[in-house]
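Starting from the given sequences, assemble the full structure and let the hints guide the process.
Number of protein chains: 4
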Amino acid sequence: MRVLVWNEGVHEANGSPPNIAEYYPEGMHGAIAAGLRRLLPDAEVSTATLADPEHGLSADVLDRTDVLLWWGHAAHERVQDAVVDRVERHVLGGMGLLVLHSGHFSKIFRRLLGTTCSLAWRNDGEQELVWTVKPSHPIAQGVPHPVVIPRQEMYGELFDIPDPDDLVFISSFAGGEVFRSGVTFTRGRGRIFYFSPGDQEYPVYHQPEIQQVLANGVRWAAPTTDRRDVPDVTNPPRQWLL
Amino acid sequence: MRVLVWNEGVHEANGSPPNIAEYYPEGMHGAIAAGLRRLLPDAEVSTATLADPEHGLSADVLDRTDVLLWWGHAAHERVQDAVVDRVERHVLGGMGLLVLHSGHFSKIFRRLLGTTCSLAWRNDGEQELVWTVKPSHPIAQGVPHPVVIPRQEMYGELFDIPDPDDLVFISSFAGGEVFRSGVTFTRGRGRIFYFSPGDQEYPVYHQPEIQQVLANGVRWAAPTTDRRDVPDVTNPPRQWLL
Amino acid sequence: MRVLVWNEGVHEANGSPPNIAEYYPEGMHGAIAAGLRRLLPDAEVSTATLADPEHGLSADVLDRTDVLLWWGHAAHERVQDAVVDRVERHVLGGMGLLVLHSGHFSKIFRRLLGTTCSLAWRNDGEQELVWTVKPSHPIAQGVPHPVVIPRQEMYGELFDIPDPDDLVFISSFAGGEVFRSGVTFTRGRGRIFYFSPGDQEYPVYHQPEIQQVLANGVRWAAPTTDRRDVPDVTNPPRQWLL
Amino acid sequence: MRVLVWNEGVHEANGSPPNIAEYYPEGMHGAIAAGLRRLLPDAEVSTATLADPEHGLSADVLDRTDVLLWWGHAAHERVQDAVVDRVERHVLGGMGLLVLHSGHFSKIFRRLLGTTCSLAWRNDGEQELVWTVKPSHPIAQGVPHPVVIPRQEMYGELFDIPDPDDLVFISSFAGGEVFRSGVTFTRGRGRIFYFSPGDQEYPVYHQPEIQQVLANGVRWAAPTTDRRDVPDVTNPPRQWLL
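Protein chains in written order, with our numbering: chain W, -17 to 224; chain D, -17 to 224; chain L, -17 to 224; chain U, -17 to 224.
Hints listed in this document are in silico derivations from the structure and should not be mistaken for laboratory results.
Just so it is clear, the structure is predicted and the values come from calculations on it, not from any experiment.
All residues carry an ideal CB built from backbone N, CA and C; glycine is no exception.
Watch out, some of these pointers could steer you wrong.
[As the list claims (entries may be wrong)] Now the in silico label distances, taken between C-beta atoms and shown as ranges:
| hint | chain 1 | residue 1 | chain 2 | residue 2 | range |
| --- | --- | --- | --- | --- | --- |
| 1 | L | GLN109 | D | VAL215 | 20 to 28 Å |
| 2 | D | THR207 | U | VAL215 | 51 to 59 Å |
| 3 | L | ASP214 | W | ARG133 | 25 to 33 Å |
| 4 | L | THR206 | W | ARG133 | 38 to 46 Å |
What follows is the structure, given as structure tokens:
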């Protein structure tokens, strides 16, 4: 299994917020990739950022990617449409996609979902509790109920997404808000998992439980074939089955 | 539209908790019925309790009921199986059913859902916030986001129910728990709405927003025909469409 | 309730196929509107086509539209993006949308769904049977099981759509294919119903059962408020509920 | 992975229909088990029938079962309620369950689903086509689109089941009927897959594609832990997370 962790990398490049270098000396993508390597020892995990040529998402790279993780926030609009088109085709053809935290507003997520993906937010370092509501789901395996995140940005409802295929996690925040924090979707032949915990300002991606969720998500979203097969129109003759 | 509010009525009969007579001088069913009469002036709203002959749920009564609301807690096991069978047939045949609060453990709800319907609970008079997560749903029309319930029993996940058709409301509690507090199901031709806010110890059923949810639920669950038509086996010949 | 039936009107303008003038002397939109007027006597039903200024979908017109029906086929690419943007905003804000037959490939449907919306097709005048699989759904009320369409274009699986909120109808065709022919979605605050029966070459929109489905769909998709309210980001302070 | 194929075995014992001994010399359970052994070489596959003590479903046996397959038809009522109770607890606690063909009317399936599970049927040896409608689902991997079954009993809608978690397959029959022939459910911590193709009169379970679906279903339904953990009520104190 080949996994690619994509991070715009802008917070890291700008040293903003100031503590990002302390929490994420290798960038958030580095921390996420380290967690995946620990939990998925047979996977080949690499990283890419916005600053790479073609954002590190060339046709060749995507051809060799089973599951793509996407973290973006400050630079959604700087992602080239041609690259978004390419990622979209790969997802529809079978590549798994994990969209993380502020990636809810990425071009690729909004395009695949068809809604505004807007939400309520507040950056006040609140405790987040992540509750499992579908314990039979592979993404919930081995995940505490709840996961306790000591300090985190609040994301709250209304989260403007279509009804998910599976609602796996619901979060509450100290201020009282709730959020559908772990949801799955299918688009074409591709499986999508959105998971909200994780932020540039808090060391959430170092929590082992969060790493477990991401590893579970990668395994769940991985296609069973290398072939990309975007659904297309067919025009079969009447007797084609004979 | 003919609506029947069923309440076991045991807390009221026993004067337990002590404040129930103050909050619900006409019983919880009386308060619920009053709210429905106010908001659904064209509906014919009546009530029944466990102590009535056949629990007030005779074949004749059910034949004339479009939507049944069910509140039970202390006496689930005292509901006769023959009556549960009858209610089940009516729901499968098209009668709407609203199950309220501790009715999650009623025989009828568990039988229709097929799960344990267990949950976490704590009676500590906590603030509950009821958030709308499907604003297009008729049951959410005119309902504040969130509804604030000053004091209420906590119901928390894991709520062991099948995936609902629609998840309309999620609640959070002061202690941090979350709960899928407004969910819909279909069984046979019948529509089912479970709504958790409301308890024998707190005056929740007097809140206008809660009454609005219940009235919306009744309208949503009402069948479009008087005929009860439980799905049944058929054995059509090959050419029956000719 | 104000209903707008939109048809590109290109088949009618071109007299192609030749029998279209015989089946649809007022255009398909005319036949659809006539059916709605018959079944929804309180609704105000109007029509618009691609050739109208702004395709008949100006901001003013959409402000006054509760439910929009969309028929397109030959000219999807000629629909201006600015108009599609506008329709999209209205749907996300609460306007109901019915997408008909070859409208599966319209810009608006693909954008709201996020998939290719591709399918298998064959124009061989085959019998289509439309079976109800969710009889409790308002869109299925009064609809025969099955609806028999003597001659119709075949649409078959794989229909590349996201999992619908509700699967109401499944069709079979004489050649053996099946199709999820009646499906609902929610996007933002808007309700969407896709219904495949109906074509420029067959008089399907004159069948009373098909008209019944469309009228049911319009009623189901209608918003409960005139206000358009596209979900948007909010940034509430910690204590906003106090 | 330990898999148990349960078959009532009554058709085989009675030699009815007459050709059953020819098609299924080891019983349908024997043919199903052989297919699973071929495709899941690491699984331990055993069989049991109604005539075994405790129907071969003792507490010990179920403790050691990851996925149970269930075929029943003529003797649903002869399955002891105590055994059904036991199977139900195991499913709610995490055991996977595959229900096959006429098992739709088994006590265990009806109890877990909460509906009548009724359907239309006709035994006329018709061609069945099994179409994949969710190609991203693990159960659809490697399965032709469609699977062609030359002769099979017809099962048609309305199939009175709750909305499934996932609709994977839809079948059509030569007579024109359609059927949701591959559907998944979750109950408690257990995953359930119902698959209709397969009958005592036709050699369907010898088709490699059908065997592939069953093997995929077993893999999908298998729990990730040996521990059975039926959801239960909890009463956590306010500060339990501290």
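Hints versus structure:
1. L:GLN109 / D:VAL215: 20 to 28 Å: 25 Å, holds
2. D:THR207 / U:VAL215: 51 to 59 Å: 38 Å, violated
3. L:ASP214 / W:ARG133: 25 to 33 Å: Check passed, 26 Å falls within 25 to 33 Å.
4. L:THR206 / W:ARG133: 38 to 46 Å: 40 Å, holds
Hint violations for this structure: number 2 only, all remaining hints satisfied.
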